Amino acid sequence: MEVFFQQLINGVTLGSIYGLIAIGYTMVFGIIGMVNFSHGDVFMVSTFIALIALMIVTTWLGVGSILIALMIVLIIAMIFTSLISWTIERVAYRPLRGSFRLAPLISAIGMSIVLSNFVQVSQGPRNKAIDPILNNVFVLSAAGGYQVTLSYKQILIVVVTAALLAIFWWVVAKTPLGRAQRACEQDRKMAALLGVDVDRTISITFVMGAALAAVAGTLYLVYYGVVNFHDGFTPGVKAFTAAVLGGIGSLPGAVLGGLLIGLIEVFWSAYFSVEYKDVAAFSILAIVLIFMPQGILGRPDVEKV
Amino acid sequence: MTSATDPNFARPEPPSPVARAAREALFAAIIALGVFGPLLAFRTTQDMQNRLIVETRYGLIAIVVLLVFAGRFLLSLWFARARPEAGPTLGARLSGLVPRSVRDVVRSGLPPAALVALFVYPMMIMSLTGGSGALKWIDNFGIQILIYVMLAWGLNIVVGLAGLLDLGYVAFYAVGAYAYALIATKVIPATFPGLGVWAFWICLPISGILAAFWGVLLGFPVLRLRGDYLAIVTLAFGEIIRLVLINWTAFSNGYEGISTIPRPSFFGVPFNASDTGFAATFGLEFSPVYRTIFLYYVIVCLALLTAWVSNRLRKLPVGRAWEALREDEIACRSLGINTVNTKLTAFAIGAMFGGFAGSFFAARQGFISPESFTFMESAVILAIVVLGGMGSLVGTALAAVAMIGGTELLRELDWLKAIFGRDFDPAQYRMLIFGLAMVAIMVWKPRGFVSTRMPSAFLKNRRAVSADHVKEGQG
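So the sequence lines, in the order shown, correspond to chains A and B.
Heads up: the first sequence at position 212 corresponds to 212 in the working numbering, and the numbers run straight through without jumps.
Heads up: the second sequence at position 274 corresponds to 274 in the working numbering, and the numbers run straight through without jumps.
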């Protein structure tokens, strides 16, 4: 039972990170019907930006309080990652809008190769490890010699995720910008006719997805303490699985899917085998797409002639 | 907006092209500073105590930003001069730079000339460079590119003809490679040791059949899926097969891979220095280059077989059904075409050629491990098919030569070290440039190099279908 609670805590933490990345997939798919293949690598780039920002803020600027330092790092990572995502959309996706259906997918795969190799060339292929931060833990229960712990990191991750999701939900549900996004999602041509700047709305969608990926990247750096240039692909695919599982196009679905994928991965590792945890994630992806492509909270896709 | 209501509004003079270009270039430079700044200006490395420190490279970022500024400035000026008002897109303008005559030659005269070149290539290289230098050119450029040509032609059956977007093609390549490796190292020595020299020729068809079987097996669950979803599920299948190969060590020896895979023989005559070897049998001096040349002709034949089969199949009912499926699945179903069988045959035949290529790959390398079958390989093969213009064999071959040959060439650019310093290794930019090329070609020609198609069925005369009318299928 203790093991179960510990894994529950770990799973929710991991799931929060997946959920944040998944939102980027789900929003872009919702608005332009494209699997943004490079999103996982945008996440990876954000972990590097966060790493560099953290090093500069703590060692050069000498910010003592780790929480203030992380706040600054988070903002820096969000700004730069958003800028990168904006540029990618502008350079690699916008010229292909309305063209051949496969072109944006190939372009996105190309962009994902570019991002991971750019980081490899500019930062080196080795693992980058930081000294662990926020190591304190609360011991929730110590029955039977097995400690169930809740670390400061995990609290930070869940709190930050919840706070940002609340802000984000408010933007999409209540502001004119969110209304424009939902309009574009339903019918881009009609939205354009009614005066919505479609290109700008799509750009902002990419920027928002990237900003949330940067939050995930910063939290990932805090949680694991290690980043590497090829760490974008697998979390990216898992987050995409989360988006599909929750119902692609649906924001609560992405978060729900993220939590589910995090829990499944953690419990699978704990009770079955660590080696096959990625196989489990990929199998879920295949099973969900084949048997319930609309996901848990998504709308069924109607086949049109 | 305010101008419309202001009666005193006078339309301002349009800014001079130079000023406009400068403004755009400045904007691009600022964006470049933001995009490249964090990762180029700072580099994290380990210091002597193995702790992470940050190094600065302000010079590098300054150069990059200046280059972006200059590039954007010149581009803006060029377009301002060539086209003052809105007109064709960037891609259309760039493709106009290729003269029509060149395009016509590429379309009509290329295949026969290329075939001749293909067959004389090893002799040409041999006479130009002599024995040892030839090895590299035939192996790295000839065989390497031809493997990708064959894989791309095989995938072209699935993606280009049947319109089924497959991102897990490398799975069948892996099935073929492991089938050959395991049968040749474990099964044949244990059962018929006398057949050792024939191992490759026995296993080649078996690998193809096994891969086709896996094609049906993996194709069956995804029959209902289309487009991006199909791509993602096939990606998942490809990754699952790779992860199983990594983790099921009893079967595949995991990361260690399988080594000492028997090399192919010249139809029973092995390529070694012994008295019964190839060189002794034919009265030649022993040299490893004969095996390489033989492998080269094997892959040429396999690739041509792929091309021939897919061209023939296009004329058969099943090929027409594939193309009909690509154009409109619902119409297909209402006309009584069995879409299940049509899709499964496409998967099976495409996978079969992947299996052949995989078994050739294992025979050529002598060593395989799951590292050779990553998602990146699938992405590269699909990129070649799409960049070539889906469905066009010539375009696909051109794309393979350009993308694989081009990135292989980077390994040869050692003289760049003289300019950029000793630490500069052009080969590490291989995939970076590959990715950039993928994006650039998509933006330039979203439908690939050869975007027109020759119809396989026509009423009176055979006319190329222009790119705008070609459907890419719903997957």
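Calculated from the structure, these hints are not laboratory results.
Warning: the hint list may mix true and false statements.
If you anchor each label on the Cβ, the simulated ranges turn out as follows [stated by the list, open to error]:
1) B:Ile202 / A:His230: 51 to 57 Å
2) B:Leu217 / A:Ile296: 24 to 30 Å
3) B:Ser259 / A:Ile167: 51 to 57 Å
4) A:Arg179 / B:Ala80: 34 to 40 Å
5) B:Arg224 / A:Leu194: 32 to 38 Å
6) B:Phe192 / A:Gly33: 53 to 59 Å
7) A:Ile167 / B:Leu67: 37 to 43 Å
Since we're looking at a predicted model, the values are computed, not measured.
Just so you know, even glycine gets a beta-carbon here, dropped at the ideal spot from N, CA and C.
Here is what the structure says about each hint:
1. B:Ile202 / A:His230: 51 to 57 Å: Once the Cβ atoms are compared, 38 Å apart, the range 51 to 57 Å for A:His230 and B:Ile202 is violated.
2. B:Leu217 / A:Ile296: 24 to 30 Å: holds, 28 Å
3. B:Ser259 / A:Ile167: 51 to 57 Å: Hint holds: Cβ distance 55 Å, inside 51 to 57 Å.
4. A:Arg179 / B:Ala80: 34 to 40 Å: holds, 37 Å
5. B:Arg224 / A:Leu194: 32 to 38 Å: holds, 36 Å
6. B:Phe192 / A:Gly33: 53 to 59 Å: For A:Gly33 against B:Phe192, whose Cβ atoms are near 55 Å apart, the range 53 to 59 Å holds.
7. A:Ile167 / B:Leu67: 37 to 43 Å: holds, 38 Å
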